[in-house]
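All chains, full assembly: derive it from the sequences and hints.
Here is how the chains run, residue by residue.
2 protein chains.
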Amino acid sequence: MISFSAIILTALRRYSPSGNEQVRMLSTHTPSQLHDMIQGIIPPLGSSLHKGQAGRLAVIGGCQEYTGAPYFAAITALKVGADLSHVFCTANASPVIKGYSPELIVHPALDGNNAVEDISQWLPRLHSLVVGPGLGREKKNLDAVAEIIVKAKEQNLPIIVDADGLYLITTNPSLISGYKNAILTPNVAEFSRLYDKLVGEKVDEDEPVTCLLKLCNKMGNLTIVKKGRTDIISDGENVMVCSEPGSPRRCGGQGDLLSGSMGVFYFWAQHRYNMQGDKNLMHHYGPAMSAAYAACILIRECGRLAFARNGRTMTASDLLPEVHPAFENLFH
Amino acid sequence: MISFSAIILTALRRYSPSGNEQVRMLSTHTPSQLHDMIQGIIPPLGSSLHKGQAGRLAVIGGCQEYTGAPYFAAITALKVGADLSHVFCTANASPVIKGYSPELIVHPALDGNNAVEDISQWLPRLHSLVVGPGLGREKKNLDAVAEIIVKAKEQNLPIIVDADGLYLITTNPSLISGYKNAILTPNVAEFSRLYDKLVGEKVDEDEPVTCLLKLCNKMGNLTIVKKGRTDIISDGENVMVCSEPGSPRRCGGQGDLLSGSMGVFYFWAQHRYNMQGDKNLMHHYGPAMSAAYAACILIRECGRLAFARNGRTMTASDLLPEVHPAFENLFH
Numbered sequence: 003m004i005s006f007s008a009i010i011l012t013a014l015r016r017y018s019p020s021g022n023e024q025v026r027m028l029s030t031h032t033p034s035q036l037h038d039m040i041q042g043i044i045p046p047l048g049s050s051l052h053k054g055q056a057g058r059l060a061v062i063g064g065c066q067e068y069t070g071a072p073y074f075a076a077i078t079a080l081k082v083g084a085d086l087s088h089v090f091c092t093a094n095a096s097p098v099i100k101g102y103s104p105e106l107i108v109h110p111a112l113d114g115n116n117a118v119e120d121i122s123q124w125l126p127r128l129h130s131l132v133v134g135p136g137l138g139r140e141k142k143n144l145d146a147v148a149e150i151i152v153k154a155k156e157q158n159l160p161i162i163v164d165a166d167g168l169y170l171i172t173t174n175p176s177l178i179s180g181y182k183n184a185i186l187t188p189n190v191a192e193f194s195r196l197y198d199k200l201v202g203e204k205v206d207e208d209e210p211v212t213c214l215l216k217l218c219n220k221m222g223n224l225t226i227v228k229k230g231r232t233d234i235i236s237d238g239e240n241v242m243v244c245s246e247p248g249s250p251r252r253c254g255g256q257g258d259l260l261s262g263s264m265g266v267f268y269f270w271a272q273h274r275y276n277m278q279g280d281k282n283l284m285h286h287y288g289p290a291m292s293a294a295y296a297a298c299i300l301i302r303e304c305g306r307l308a309f310a311r312n313g314r315t316m317t318a319s320d321l322l323p324e325v326h327p328a329f330e331n332l333f334h
Numbered sequence: 003m004i005s006f007s008a009i010i011l012t013a014l015r016r017y018s019p020s021g022n023e024q025v026r027m028l029s030t031h032t033p034s035q036l037h038d039m040i041q042g043i044i045p046p047l048g049s050s051l052h053k054g055q056a057g058r059l060a061v062i063g064g065c066q067e068y069t070g071a072p073y074f075a076a077i078t079a080l081k082v083g084a085d086l087s088h089v090f091c092t093a094n095a096s097p098v099i100k101g102y103s104p105e106l107i108v109h110p111a112l113d114g115n116n117a118v119e120d121i122s123q124w125l126p127r128l129h130s131l132v133v134g135p136g137l138g139r140e141k142k143n144l145d146a147v148a149e150i151i152v153k154a155k156e157q158n159l160p161i162i163v164d165a166d167g168l169y170l171i172t173t174n175p176s177l178i179s180g181y182k183n184a185i186l187t188p189n190v191a192e193f194s195r196l197y198d199k200l201v202g203e204k205v206d207e208d209e210p211v212t213c214l215l216k217l218c219n220k221m222g223n224l225t226i227v228k229k230g231r232t233d234i235i236s237d238g239e240n241v242m243v244c245s246e247p248g249s250p251r252r253c254g255g256q257g258d259l260l261s262g263s264m265g266v267f268y269f270w271a272q273h274r275y276n277m278q279g280d281k282n283l284m285h286h287y288g289p290a291m292s293a294a295y296a297a298c299i300l301i302r303e304c305g306r307l308a309f310a311r312n313g314r315t316m317t318a319s320d321l322l323p324e325v326h327p328a329f330e331n332l333f334h
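Protein chains in written order, with my numbering: chain A, 3 to 334; chain B, 3 to 334.
Source of the hints: derived by calculation from the structure; they are not laboratory data. Any given hint could be a false lead.
Repeated chains share a single entry, so a pair holds when one copy, or any two copies, can fit it.
Calculated lysine-lysine pairs in the DSS-like style (CA-CA distance at most 25 Å, straight line) [unchecked claim]:
| id | residue 1 | residue 2 |
| --- | --- | --- |
| 1 | K142 | K153 |
| 2 | K182 | K199 |
| 3 | K142 | K100 |
| 4 | K153 | K204 |
| 5 | K155 | K199 |
| 6 | K182 | K155 |
| 7 | K53 | K199 |
| 8 | K204 | K53 |
| 9 | K142 | K220 |
| 10 | K100 | K155 |
| 11 | K199 | K142 |
Computed from a predicted structure; not experimentally measured.
Laid out in structure tokens, this is it:
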């Protein structure tokens with residue numbers, strides 16, 4: 003079911019950076035092994051669970067211009083299986099985001115005078131954080147988010163960084179570099195800016211895996227998902243390639259569904275990782291890469307189904323009703 | 003159709019608090035007898051009815067952070083059969099809640115300077131009150147709600163207390179203790195806090211019925227629904243256990259559907275109670291327990307149907323379209 007790009011595998015084989023012998027080949031694991039690993043992340047549902055146990059997630063983002071992005075991320079988290087989904091946004095974005103869905107808990111806290119304190123007090127109750135969807139680039143808000151990231155790191159909270167969260171990271175890479183519980187999800191443009199800043203050269207389009215490994219290494223072996231025609235996932239050591247069929251539409255919002263779902267999978271993967279013995283495949287890739295891969299195949303399958311149903315008119319909202327059939331198709 | 007937990011019945015049989023010989027066994031009534039009792043609560047629909055006769059309910063709750071909860075409670079009341087459903091919330095929550103549905107009457111009164119007067123003037127026109135969904139913990143608002151509860155008690159209005167309404171009750175139990183027309187609907191965490199405060203010891207997880215009876219007794223034989231894998235309902239004397247299949251998802255909002263529906267059933271049950279002779283089964287359990295049981299089986303059936311349709315992607319909104327089929331399945 004999972005096919006791998008021959009071009010990228012070739013690139014992988016060519017990769018031999020000076021002295022780094024630890025690059026393990028993706029081809030050591032079959033698609034069905036990877037699939038079983040993802041299946042193992044998904045927690046069983048049972049009547050003995052309490053509200054919140056399947057995940058309490060928060061999205062930090064949402065400002066005057068951008069209200070859709072945090073909605074897409076937060077509602078997808080809920081649809082994928084989180085029990086509670088918060089959004090921390092600016093005051094003027096809050097009523098709009100609330101209006102999209104009564105299921106989200108929306109806090110107009112991001113541009114308040116006590117933003118850091120107001121938002122940070124929720125961190126102990128959260129299982130993962132998605133930073134960036136619809137965040138905007140207002141300096142005051144970004145400064146607050148930087149402080150919140152520092153506090154989230156102190157609590158070892160899983161953090162997904164996307165969109166304008168990546169802009170923040172590009173201006174201040176030390177904020178997240180080397181933090182083992184983070185995943186960055188740059189698209190081509192965001193990847194280029196990060197790469198320019200950290201590696202100090204232009205991305206070599208013919209060597210996507212090599213470039214990704216370089217950037218991961220420069221950032222202290224952080225997990226990065228380089229989104230594109232194929233999604234390439236690496237922690238600077240292992241590499242996974244996700245080239246499941248998706249949608250040929252590139253309309254806005256799909257990245258937000260990816261980051262929201264990844265936040266849930268990341269919490270689940272960490273939980274599973276802590277429970278399992280050393281021999282499981284997830285101990286090879288770690289929870290960050292496993293969660294990234296799970297989210298990539300799920301949202302690609304949603305895209306494929308949504309495009310099949312809606313064709314060219316497909317927009318990000320059309321992916322939401324496909325989460326259930328996509329789950330059914332991919333997992334049991 | 004209704005199955006009873008052997009464990010809980012065992013616990014019931016073991017229960018013999020000092021001097022209290024009045025605990026009657028649930029097993030004295032068959033599931034089909036209980037079902038017939040609930041069936042008898044539901045008022046027949048007929049063309050001679052006037053608007054409002056089937057129920058005028060109000061939810062007190064809804065604040066800056068929480069707008070979904072009062073919506074879910076109020077819309078469910080309407081779906082279950084109330085004719086008019088009001089929400090009394092804070093000024094900034096009001097337009098958002100209005101936006102969820104044109105069917106609710108939403109009053110931005112909860113944080114106004116005349117909150118108590120503005121809201122209390124509606125009480126004579128209401129048939130039941132649901133206090134707590136999305137209420138928040140702002141002291142000024144809670145103080146107003148406390149005064150409104152006092153006024154509602156003077157009018158013998160049925161009151162369901164849930165969520166942050168239970169927080170208010172935990173801080174000031176005398177507000178509701180001994181009031182015969184109240185139902186509290188705590189989840190596991192809320193039950194623990196109430197129990198700690200009133201019984202002065204930790205909940206014994208192996209003796210849920212004993213603990214529930216103790217708490218009911220401490221609160222003047224108030225009716226309490228201890229929500230969980232099985233819902234246990236008691237007034238300190240009788241006990242009912244609802245273990246109908248529901249949904250294994252524990253996403254937020256489901257408790258709000260329960261409290262909203264319970265508000266309607268409570269009005270109906272009281273009405274029926276006053277009409278019936280002493281020999282009816284409802285005179286054994288009383289309207290509060292009967293209404294609680296009706297709401298529990300209805301929302302569990304909604305959850306079962308919504309989960310069957312939506313699987314893991316099920317969220318609270320998915321239960322709303324299931325109220326009709328659930329009613330059809332359970333009652334005729």
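Hint check:
For the homomeric pair K142 and K153, the shortest alpha-carbon distance inside one copy (17 Å) is at most 25 Å, but the shortest distance between copies (31 Å) is not. In this assembly of identical chains, K182 and K199 lie within 25 Å of each other by CA distance solely inside one copy; the values are 21 Å within and 42 Å between copies. For the identical chains of this complex, K142 and K100 are neighbours both inside a copy (23 Å) and across copies (24 Å), given an alpha-carbon limit of 25 Å. For the homomeric pair K153 and K204, neither the shortest alpha-carbon distance inside one copy (33 Å) nor that between copies (33 Å) is at most 25 Å.
In this homomeric assembly, K155 and K199 come within 25 Å of each other (Cα to Cα) only inside a single copy, at 23 Å, whereas the closest approach across copies is 35 Å. In this homomeric assembly, K182 and K155 come within 25 Å of each other (Cα to Cα) only inside a single copy, at 9 Å, whereas the closest approach across copies is 50 Å. In this homomeric assembly, K53 and K199 come within 25 Å of each other (Cα to Cα) only across copies, at 22 Å, whereas the closest approach inside a single copy is 43 Å. Taking the shortest Cα distances, K204 and K53 sit within 25 Å of each other only across copies (20 Å), while inside one copy they are farther apart (47 Å).
Taking CA atoms no more than 25 Å apart as the test, K142 paired with K220 passes in neither setting, with 28 Å inside one copy and 52 Å between copies. Taking the shortest Cα distances, K100 and K155 never come within 25 Å of each other, neither inside one copy (28 Å) nor across copies (33 Å). Within a single copy, K199 and K142 get their C-alpha atoms as close as 22 Å, which meets the 25 Å cut-off; across copies the closest is 43 Å, which misses it.
When each numbered hint is compared with the structure, violations occur for hints 4, 9, 10.
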